[in-house]
Amino acid sequence: MTRVEVLACGAADRGDDGAALIAASLLIDELPADVQLRVVGQLDIDDLLELPPEASVVIVDAATGIRPGKVLSVSLDQVAGDQGGLRPRSSHALAFPEVLGLAGLIRGRPVEGRLVVIGGTDFTLGGPLSRPVAAAIPALVALVRTSVDAAWIARPSHVEV
Amino acid sequence: MHDTDTFTDSGGDLAVDIAGLTRVEGEGSLRLKVRAGVVEQAHLEIFEAPRYFERLVVGRTPDEVIDIVARICGICPVAYQMTAVHAFEHGLGITIDPAVRALRRLLYCGEWIESHALHVYLLHLPDFLGYASGLELAHDHRATVEAGLRLKKAGNQIVELIGGRAIHPVSVRVGGFSRSFRRSEIRALREPLTAALAIALETVDLVAGLDTPRFDRGGRLVALHHPAEYPMNEGRIVSTDGLDLAATDWRTEFSEQQVGWSNALQARDHAGRPYLLGPMARITLSGNQLHPTAAAAFAQTGLAAEIATNPYRSIVARAIELVHATAVALDIIEAYDPPADARQAWTPGPASAAWATEAPRGLIFHAYELDEQGLVTHAQIVPPTSQNQAAIEADLAAFAPSVLHLPRQEATLRIEQLIRSYDPCISCATHFLDLSVEHLR
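Note that the protein sequences, when read in sequence, are chains A and B.
Sequential numbering of the first sequence, starting at 1, is according to my numbering.
Sequential numbering of the second sequence, starting at 1, is according to my numbering.
Read the hints as simulated data drawn from the structure, not as lab findings.
None of the values given here were measured: they were computed from a predicted structure.
In this text, a Cβ means the ideal position worked out from N, Cα and C, and glycines have one as well.
Treat the hints loosely; a few may be bogus.
[What the hints assert, rightly or not] Listed next, with one range per pair, are the computed distances between beta-carbon atoms: (1) 260(B) with 128(A): 56 to 64 Å; (2) 41(B) with 12(A): 20 to 28 Å; (3) 53(A) with 129(B): 28 to 36 Å; (4) 129(B) with 38(A): 53 to 61 Å; (5) 242(B) with 53(A): 57 to 65 Å; (6) 13(A) with 198(B): 47 to 55 Å.
Throw the hints in and build the complete structure from the sequences for me.
Laid out in structure tokens, this is it:
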């Protein structure tokens, strides 16, 4: 039975956007049998609706707005609760809290787990990882590992490396 | 990538404001300048840095280009792939198997379904029903939102099967596909699409009854027109004022220009006039070629005249196209006979390649030059939003005076609702929306 799913988001051919996929490739052989890894590219509601009812999730992704190479882990209930002034920022895409909220509503229970992000700086198509992101990949892998453990048991609200 | 994510990191405290982890790209705002109740300037300002895709494809083979252009947008990658592959095949004189043509239409139907379903149910419908988001809507109308998600999922399933994956498909190749598809694989789509068609028909009933602001925009509508079917991958470029061009000849009527307030190019006709693309244009110019099931639903709305002029009614046009795409997809599935070869053989070489197709949000045009080795030496990629941007600005200038007397929040909502009516592809051009109104004295 799957207890935890790791959803790796991003595109391998867009510079720092591939960071989560690289971390996933480094982790895949060491994850226990009841932890499933999926590469989802762009997180969609369906990805969360496909979670087994009792499973937790660790979503790994790159983001802008934090220092390049910095890695953060945030509990999903903290992210889902961040809905002040919630409105679609794009005309045809949903904000992350909205994806989480809709999935939770339709599942009939909140999506539990953690969001692990790494600050990126260069998302050029065909480009390599930027130096700070490449240097932080071991820290990202370690934080994903920690977050998988945390998704099983007690979830601290915030872990920072 | 998440260009709109903002994580504020001050000292040891962490504030999280995630506006765009769903991988949409670009930032923009609307700036209106109003003097004595008259809009003097309506600028859709686009801050996103140019993305240089046209430069990235130089030196690449046509098949590499097809994979690269799919990365331009996470919502409408098929539109970019279909336009590029048809351009190359036309330029190189390649004739594809009719079954391959049918599969490509099926793939495009999948993208139309997922894009329109997301927009209708989660992005536009909340505006009409007084909710700030799809999530708020779902709290009160869970069954409605679930139906919309099932519809979207049916589109995703098509793209995932035919395209090889749901996001940034990889199977399209010059001359056909990278692999063949068994009849049983295609038939497996029948069940979810049959359910989706019923939902699409209910969607038309739902949105046709919405209370809609009045706005008669007038103006030129442009879309492809095909002699035998509702436009998708082929046709001539036509307009409501009599334009009639080959799909290769977009540049004889239109051109892109740089404007000072936007990092995205704006397209206009050579006389400088804006024009509007998308479902409103398609239905107005080719409504009589809708699938019979969609045509019946369209007739039942009685909204043909309003759809041609009022952008707020584009939600109805999109719903009708949901019926059309779902019904066409089912027809293709029923008639599917695998092609003898998944991919037609072809020889690389020099060519001038150009084509236009119909993306969910309107006509998209590509042009490429290939050298003796068959490598791209020049590319032009014109997404629908770049073409619609000038029309959106003109419409905002015309519409805004009718709401500026309202409280700011309500005026902003009406204007945002109007902009969402065009379903602009922000990841192809920009993002939304911080409204700034400057009253001049």
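Hint check:
For the pair residue 260(B) and residue 128(A), the supplied restraint of 56 to 64 Å is violated, since their beta-carbon distance comes to about 34 Å. The given range of 20 to 28 Å is broken by residue 41(B) and residue 12(A), whose C-beta atoms sit roughly 43 Å from each other. Taken as a hint, the range 28 to 36 Å holds for the pair residue 53(A) and residue 129(B), whose Cβ atoms sit roughly 30 Å apart. For residue 129(B) paired with residue 38(A), a C-beta distance near 34 Å fails the hint of 53 to 61 Å.
Remark: the range hint 57 to 65 Å for residue 242(B) to residue 53(A) is upheld by a beta-carbon distance near 59 Å. One distance hint, 47 to 55 Å for the beta-carbon pair residue 13(A) and residue 198(B), is violated here, with the actual separation near 39 Å.
Violated hints, in rising order: 1, 2, 4 and 6; the structure is consistent with all others.
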